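Student: One line per chain: the protein sequences are A and B, in this order.
Taking the numbering used here, the leading residue of the first sequence gets 1, the next gets one more, and so forth.
Taking the numbering used here, the leading residue of the second sequence gets 1, the next gets one more, and so forth.
These are computed hints drawn from the structure, not numbers from a lab.
All figures in this text were calculated on a predicted structure; none of them were measured in a lab.
The beta carbon of each residue, even a glycine, is placed where N, CA and C say it ideally should be.
Be careful, since some hints might not be right.
Said to hold, decoys possible - From the structure, some residues in chain B lie toward chain A, with a derived Cβ separation under 10 Å:
(1) E71
(2) L104
(3) D108
To be verified - Calculated lysine-lysine pairs in the DSS-like style (CA-CA distance at most 25 Å, straight line):
(4) B:K73 <-> A:K165
(5) B:K103 <-> A:K4
(6) A:K32 <-> B:K339
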Amino acid sequence: MDKKLKKIVQDLQEKFGSSIEEFRDEVHVFVKPGQIVDVLTLLRDKHEFELLSAQTASDYWPQMSPRFHVIYQLTSLAKNLSVQLRVPVNGDQPKVPTATRVYEVANWRERELMDMFGIQFEGHPDPRKLLLPEDQEGHPLRKDFPLGYEEPQFTFNYEEIDLRKPYAKE
Amino acid sequence: MSQIEEVTIDQYKHLVSERALTGETMLLNMGPQHPSTHGVLRLLLELDGEVIVNAIPDIGYLHTGIEKNMEAKTYLKAEVMTDRLDYMNTVGNNLAYCMAVEKLVDLDVPERAQSIRVILTELQRIASHLVWIGTFGLDLAAMSMFLYAFREREAILDILELCSGQRMMTTYIRPGGLWRDVPVEFEKAVRDFIKTFPKRIAEYEALLTKNPLFLDRLLGIGKLDAATALQHGVTGPMLRASGVDWDLRKVRPYMGYDQYDFNVPVATEGDTYARYIVRVQELRESLKIVEQALNKLPMGPVRSENRKFVAPPRSEIGVSMEALIHHFKLWTEGFPAPKASIYSAVESPRGELGVYLEGDGGPKPYRVHMRTPSFDNLSVVSKIVKGHLVADLVAILASTDIVLGDIDR
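Okay, chain A solo, but in the shape it has when bound (with noise of 0.2 Å):
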């Protein structure tokens, strides 16, 4: 890990009691969902991290708790360091504070996470859908979300896959 990185990571450490994982010289820091306002400002106004250059999710179902990682990908412009913040949310009606006080950046890209995942940002200014149509139920990129064909049904998995079938409810 980069010296100047390492002393950032050590920070976050301290203050908030992060873990971290590290692969091919990319950090990511675990933070809980309470806490990432407060790394965020900490990071944007203490270490120059002027640009969120990336927020996304990733979905673990089946596995519920946690279910979701929301990914914040933090780029700093002085320094020319990069340092990935990841949230553990739980799938029961996930819940993360908005970002978008400390980046505005982050408004547009929950309003599209509400979308796609279904989690919530907790005092997002304008959480309208954007990306799908207004009468989209149901959010695309969660794993439990079928991909628009049918799976092909065989012999030895037909009753596996039908019961998972989406069957009109009576």
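Chain B: place on chain A using the hints.
Tutor: Coordinates of chain B only, in the frame set by chain A:
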């Protein structure tokens, strides 16, 4: 068929000014089908006479579920989806995705392949900027610009066709290298382009750069300062036009960009004209990179020798049992990637094109997210159009160089 509900102002209450609620200002739809929105973008404008009070972009008309579709394909097959994101920068999208896959599975790329990748992505950057300069001129009623720019773009698309057989959706760059080596005609075609193109840039500049009508439309319009730009995640030429010297090719060199001598054009004004100047200068810089890369193009293989990820050449299959097994495994099952995630970014003509890629140990990506630059570059538009005329909105929107396929994914 679901019934179409009447759209009321309630939905937009928190986004428009109070004057809109009393009917003092007018709400007007611009788009989705409007020639100057560069695709299907709808803008809800709140107008006081001809002055814009608020602009609310509405996107998603081109949403095709590319990220979800990629999860259902193997790493190699998912690559064709990336072409369809930003259809002005297909080679660059392939590069971003392939670099992500290579980082995830730790795959090497031969030097010759790296150089060819650089040549093609820089040519594609020129082509993308040419489409931009053409449509920019078109939006500002400089019709001839469009015809000139598309003439040169055609030469670049011919070079892409020469290499890959396709003009736009190339999928020429593959994880671990390229689909195949460039044909013998490639060098001459690129050299011809390098020879003629500087004169063409001079032509464009003669038409536009000091044209008083053009200047009147652009100077001081749509000012964007560096702090607002960073807050809204703006990257690429738009950020550099606001005075921030940030180019991933320079600060985090990939594909051997550090061995080429080029400048990163930066302007400080942050207005529409500055964005024009930055992109025109980028045309020259890209051409410099292409020339240098072509001059020292090394010989050698264009695909990695790592047979676990890259299929062996056809000639080996007849004589080697292992080659046949690898060939069969790769084209039926695909290669597995570790259970981990990476984020890898390249500089596309529009800004930081990032790929978040997550593997689960199997042959298909568990999650792919494309961080597309147009998405964030558009989100700042509603901030910078306030107080300008509707005609200026056209200029501002054109200067952001958005591609709707890139935004909606």
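Student: If you check each hint against the structure, which ones fail?
Tutor: Per hint list: single violation, 3.
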